[in-house]
Amino acid sequence: MGKTSILRRVVLAGATVLAATGFGGNAWAQKTKLTVYTAIENEQLEPFKKAFEADNPTIEIAWVRDSTGVVTAKLIAEKDNPRADVIWGLAASSIGLFASLGMIEPYTPAGAAALKPMFKSGKTPETWVGMDAYLAVLCFNTAEAAKGKKAKPTSWADLTKPEYKDSIVMPNPASSGTGYLTVAGWLTIMGEDAGWKFMDALHQNVAQYLHSGSAPCVQAAKGERLMGIGFDMRGATEKTKGAPIDLIVPKEGLGWEMEVTAIMKGTKNLAAAKKLADYSSSLKANEMYGKYYAIVANPAVKSMPANYPPDGEKMMAKMDVEWMAKNRDRILAEWTKRYDGKSAPKAK
Amino acid sequence: MSLAVPALRINLSRDDLIMRAGVVAFVGVLLLIVGLPLWALLAKGFEDRNGNYVGVANYISYFSTPALFNSALNSFHVAAVCTAIVVPLSFLYAYALTRAVLPGRWLFQGISLIPIFAPSLLPGLALVYLFGNQGFFKGLMGGSIYGFDGIVIAQVFYCFPHATMIMVTALATADARLYEAADALGASKIRVFFTVTLPGAKYGLISAALVVFTLVITDFGIAKVIGGNFNVLATDVYKQVIGQQNFSMGAVVGMVLLAPAALAFIVDRLVQRKQVALLTARAVPLIPKPKFGRDLFFTLFCTLVSAGILAILGMAIWGSLIKYWPYNLSLTLANYDFANFDANGWESYFNSLRMALGAAIAGTALMFVGAWLNEKTRGFGAVRSIVQLLAFLPMAVPGIVLGLGYIFFFNAPNNPLNFLYATMAILVINTVAHFYTVGHLTATTALKQIDPEFESVSASLKVPIWKTFFRVTVPICLPAVLDIAIYLFVNAMTTVSSVIFLYAPDTKLASVAAVNIEEAGTTAAAAALCVVIVITSAAVKALHLLADRFLFARLQAWRKR
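As they're listed, the protein sequences go chains X and G.
Per this note's numbering, residue 235 is the first one in the first sequence, and the count goes up by one each step.
Per this note's numbering, residue 69 is the first one in the second sequence, and the count goes up by one each step.
Extracted from the complex, chain X is given alone in its bound form:
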């Protein structure tokens, strides 16, 4: 009995594998299945899908979700035979790259006119339309600060004080998009010369350059480091979960990036893809984004999710997206030469 049932299970499981590999496909033809690539947070997947499908009952969303870097690399690698229909929630800089590679189907969604100008590509028709913006803020652990009697910084300049030696983490711009927008933000606010001088000084206090934009605020939240420079939404959710951190918007201003929606060129479901793009720019969708993000595309949405710094939107640096894309290789090479070439953070 024992042996046969094990055998049966193996056979059954084998059959399941076959079924999954060979015949998993278009068994349900009546609904349009839209393959949507995204980097939005895990907890947003289900509500976003449900909300869209409730308004569009003939369309079903199948998510492919991973971190921004992985999704971007995957999309470029699939360029010659695209598998995605729509991108709903990926960094604007990634979409800019795709547009330059001819991967995007231009389309101006209904409702785009109502959005803040900065949340649009500016082309006619639009290559992408924005959803929400996120900032590279400072997550400061107040519990650890109290233990070490460290003052709370209010500006980027404060971070270069000797009392913060080895207590700051930030994303490595060579491995993380958030890292790059942080660095580009400093160069924009301070100008190139002063920006690099600031980073030279900051480097003395950086304990580690991490490989993700979420990790710095998570490490600060868990007291692993005194503070982290990183993705604001992560810091806000950690604080909601009970982390003793404050989200600080330094008074000089800060770098930011936005999540956008775009349609893939060559999609076999163009009509359904346009429906999703329309939905993404609607007021309803923007209200939904507003549950998670403090800054959204539609100016009519005045929401402030818990634990976001209130003055973030005002302090956004005037980022030139094209300049950022064009100078990326140069800035990363310079950054790597200055700070990444050695195993321990020591004087340059």
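To be clear, the hints were calculated from the coordinates, so they are not data collected in a lab.
Yeah, the Cβ is synthetic: ideal placement off N, Cα and C, and Gly gets one too.
Treat the hints with care, as some may be off.
Restraint ranges, calculated between C-beta atoms of paired labels, are given here [as the list claims (entries may be wrong)]:
{"#": "1", "chain 1": "X", "residue 1": "K502", "chain 2": "G", "residue 2": "A607", "range": "41 to 47 Å"}
{"#": "2", "chain 1": "X", "residue 1": "K502", "chain 2": "G", "residue 2": "G413", "range": "50 to 56 Å"}
{"#": "3", "chain 1": "G", "residue 1": "A402", "chain 2": "X", "residue 2": "K284", "range": "47 to 53 Å"}
{"#": "4", "chain 1": "G", "residue 1": "G210", "chain 2": "X", "residue 2": "A296", "range": "47 to 53 Å"}
Starting from the known structure of chain X, arrange chain G on it as the hints suggest.
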């Protein structure tokens, strides 16, 4: 051994022709699942970002960057240190398991495998809980856990079972007659060790060293979590590919990473030439007899190593139950409700199970038959070298490189196989390819220990070679065959770096989900998912050990006198 060579010059038997056709077909399969996908990416090293051919320009620009030399040096340094620690450790442990009488041997064998059951995220998380800036024992670490020391500890944990598995296979098949003869001749224990034991295990020792070295060189997961600012080649690949979407430069670093594999291949060729079959047709298996001093020493040694492994696992389990590290240490089971952390919830876990089962069945068949064809075919050296080279490559390829190569190759519009893309099958194929080397080495090690006399006798009795394969070779090698299947299963449960590019909406895997959950900051839930994966693989392994003991013991009974 050498009987076969002159015979083949005269004429080829039907068996020879079948075997050669088999080897050629096998080369075709390896090219499809390893060679061509790899080339699909590595070829980009000779192109600029827009796909224009630029010759070696990328290589020149990469080699003129001082950061590269630093990363390469770091990679070799950390790999050398880990190899120097893991190989003696795993040799002693395997020696204890096979040549000493241990109380609870099964338990020690099981514990030694725990690290292989765990996603590489687990030692990283556990080390942060233990020695991080908020860790329980942070005082014990002289400096910071982030960096060289952290990488070495986590890598030793992670590589230990890989090496131990190879060493056990190498030490398990010993001919008791050699020891009896040595004993009768009055050789000292030390002399016996150096003249009988070590030479017999030489192939295993060198294989283990090569495997550990390349595993450390190519692993990115550990360096990412605990590496601090210690740059290694694998982090360079990540920066180029994930950070900057620069596939050309990623391909260049990927190519540099193949150097250790090429070296491993050459060393393997040199060693193989000298390897002699251990288990001759008249061999008698070695059954260790109790000996108090030796057994006590090895029991203590194994207890110590096991305690280290269990401490890391235990920390991860505890971490998975903590509400909010380090500020709220009260315990909860909420972290196991994965639907709260990942839209797929437990679904990705069942996907992992199906993928792992598929990889174990398909991969073991391919690896064992392939290794057998390659070992038992007479002559045909050039083609067999190609097999050996292709089988060695995957070990040296970082998952990121293999995964992207699979996209380029299997998603190409003109590839007739592109229907496989975005299915469960591609995940299975990719995983088999990714873990090809150790399975192949295990099968080869086991096959090498069988006297070619079996085949010679079969041939002279006009028994077709495949009958010998099913009636003699497979039963003798059944322990190794099962080891390979389990190895594939557990690695399929934990693999991330390659499959992260290949899963489709309905085939997301638990290991990938764990990385996503960790990135979202919910460390405890990530630890919880890692723990579920460990328990699953441990349960499968426990079934294997039971089966080994009660079911397959009968098949191995002939070895006893």
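Checked hints:
1. X/K502 <-> G/A607: 41 to 47 Å: holds, 43 Å
2. X/K502 <-> G/G413: 50 to 56 Å: violated, 29 Å
3. G/A402 <-> X/K284: 47 to 53 Å: violated, 23 Å
4. G/G210 <-> X/A296: 47 to 53 Å: This hint holds: roughly 50 Å between Cβ atoms.
Checked against the numbered hints above, the structure violates hints 2 and 3; every other hint is satisfied.
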